[in-house]
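Participant: So the chains spell out like this:
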Amino acid sequence: MFVHLGQQLALDAPGHDDIANIGFIVGAKCVAVIDTGGSMRIGRALRAAIRQRTRLPICYVVNTHVHVDHVLGNAAFDQDRPSFIGHWALAAAMARSRDFFLQHYADDLEQPPSAAQIIAPDRLVAQTLELDLGGRRLSLRAWPTAHTDCDLTVLDDQSRTLWTGDLLFRDRLPALDGSASGWLAVIDQLARLQVRRTVPGHGPVTVDLASALNAERRYLRALIEGVHDELAQGGSMQDAIAHVAAAEKPKWLLWDSTHPHNVARVYEQMEWE
Amino acid sequence: MHPYLIAQRPPSRLTRRAATLLPWLLLAFCGASFAIGDAQTPSSGAWGYLQKQFYPDGNIGLLDESYMSLEAPANTPDPAATPLTLRFGDAAVGHIKQIRVIIDNNPSPVAATFDVTSGARVAEIDMRVRVDRFTSVRAIAQTTDGKLEMRSTWVNASGGCSAPPSAAAAGMLGDIRFRPSPDAKSMLISIRHPNNSGFQIDPRSGEPIPPHYVSHLRLSTGGRTLLEADTGISLSENPTLRIASDQPLPAPVTVDIDDSKDAHFNASWRGAVAESAATNTAGAGGTR
Numbered sequence: 001m002f003v004h005l006g007q008q009l010a011l012d013a014p015g016h017d018d019i020a021n022i023g024f025i026v027g028a029k030c031v032a033v034i035d036t037g038g039s040m041r042i043g044r045a046l047r048a049a050i051r052q053r054t055r056l057p058i059c060y061v062v063n064t065h066v067h068v069d070h071v072l073g074n075a076a077f078d079q080d081r082p083s084f085i086g087h088w089a090l091a092a093a094m095a096r097s098r099d100f101f102l103q104h105y106a107d108d109l110e111q112p113p114s115a116a117q118i119i120a121p122d123r124l125v126a127q128t129l130e131l132d133l134g135g136r137r138l139s140l141r142a143w144p145t146a147h148t149d150c151d152l153t154v155l156d157d158q159s160r161t162l163w164t165g166d167l168l169f170r171d172r173l174p175a176l177d178g179s180a181s182g183w184l185a186v187i188d189q190l191a192r193l194q195v196r197r198t199v200p201g202h203g204p205v206t207v208d209l210a211s212a213l214n215a216e217r218r219y220l221r222a223l224i225e226g227v228h229d230e231l232a233q234g235g236s237m238q239d240a241i242a243h244v245a246a247a248e249k250p251k252w253l254l255w256d257s258t259h260p261h262n263v264a265r266v267y268e269q270m271e272w273e
Numbered sequence: 274m275h276p277y278l279i280a281q282r283p284p285s286r287l288t289r290r291a292a293t294l295l296p297w298l299l300l301a302f303c304g305a306s307f308a309i310g311d312a313q314t315p316s317s318g319a320w321g322y323l324q325k326q327f328y329p330d331g332n333i334g335l336l337d338e339s340y341m342s343l344e345a346p347a348n349t350p351d352p353a354a355t356p357l358t359l360r361f362g363d364a365a366v367g368h369i370k371q372i373r374v375i376i377d378n379n380p381s382p383v384a385a386t387f388d389v390t391s392g393a394r395v396a397e398i399d400m401r402v403r404v405d406r407f408t409s410v411r412a413i414a415q416t417t418d419g420k421l422e423m424r425s426t427w428v429n430a431s432g433g434c435s436a437p438p439s440a441a442a443a444g445m446l447g448d449i450r451f452r453p454s455p456d457a458k459s460m461l462i463s464i465r466h467p468n469n470s471g472f473q474i475d476p477r478s479g480e481p482i483p484p485h486y487v488s489h490l491r492l493s494t495g496g497r498t499l500l501e502a503d504t505g506i507s508l509s510e511n512p513t514l515r516i517a518s519d520q521p522l523p524a525p526v527t528v529d530i531d532d533s534k535d536a537h538f539n540a541s542w543r544g545a546v547a548e549s550a551a552t553n554t555a556g557a558g559g560t561r
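Which chain is which? The protein sequence lines are A and B, in order. The first sequence runs 1 to 273 under our numbering. The second sequence runs 274 to 561 under our numbering.
A partial selection of chain A residues facing chain B, derived with a Cβ cut-off under 10 Å:
#1 Arg53
#2 Phe100
#3 Ala232
#4 Thr258
Simulated from the structure, these hints should not be mistaken for lab results. From the three backbone atoms N, C-alpha and C, an ideal C-beta is built for every residue, glycine too.
Construct the complete structure from the given sequences, taking the supplied hints into account.
Facilitator: Below you can see the structure in the form of structure tokens.
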């Protein structure tokens, strides 16, 4: 099992295609790729890294969710004819995002950019799915709406290593594109898993999943409580962005590019609860 | 790329050798290039012709920041719901006749035109707007003595007009919520309405969604009209309006809304005392 750690950069910074943690797992018969990076360039580099280590076929490409930094390298693996696998809602999410990717991340695709390079899953996980790599079993699990509406985790049964995708952010401020309360519920379930090692979507690998989840839980709770209080006082979205969870700011990277979006998301949802 | 090994099969000679060869440090990628490009270059967009249309002989003041200010976040949290805040200084409160909010590069640039009742003490207006592409946003106020004052700001956002309806778009059309501040000087009004821009695609059917938006609203406090507004497709989904004064807003606060399909909605907030009395009454009724 190999992991490449992405850099903690903003989505519009140079190097923004290399911000997610990606990697691969090698069995006796097959290789499974977990997320492919934010560009064809990263996808190709990952494929080259695999080919330096094994000639085994790349049977599976698993995407943990729809975000650009995790899926745009998919096309680099098209030549291997793998099965592309994702959460049951991932295909629809990719269809929704296709134009956005083409408009904003055209430079990260093979030129000329085309919709065909944005590869959606051909195999969907309704709840759980097991993949056999040859003497090595991966357990995939689809979660209810949390970070996004299409979060999927991968557990390597042999090493008890969990790939959380972006259900776990470390150091980098969590980006909310789903439901804050849904995410908290999933965090509680993840914290009970018996695993020896965890690969987050962003940030360093950890052997202590429960502790790593605490920081994220604390931020999401502060977000919900803060927006609730702001709405109760008739505060605007601007007020909420200025005040909510401000004490969390020194504890995270990339606050300014992510926190306002998170507050807006929660505000728009809680306004009608 | 040099991914590092974090778990392996029960060690065989081959994998052990491979592991020792793997560098644990990651090689930084070089040569990444990224440019937002022309989109960041300010453009006056529609302002040139709108100025001729609305303010043909206007001498528009630009200097006095304490008179009026316009704020938008540097990093737009949501291009389809970018918050804008207009504030009026002490010298301006009670002397504003009209405010027009223009988003230069939007397909329908005039987001809202507020006509303020003479003497009404409006100190702040917050709203949320769709931003289609990088643009100047400007507010032009006309004072009761006929002078013009303009503020503008730059918003880095795109895609707000064509953004698909959000999950929060469900619910009852025309539902209106009131949230007063504790000192009653401001009122946050949330309106349940899709405010479809006409540039959105239904993600399920792939068909265009026709425009359907709040076209006019009237806000009254204490039985008097405070302001009226002509609005358009640039307002966000589930439009909100927050009005603040330098004195408590007298109840009832009433909103009357017309939409582009000629539907009418209205709702009133009857004040904290009346609200809690109503709750008490309902509670008493329930125990009988």
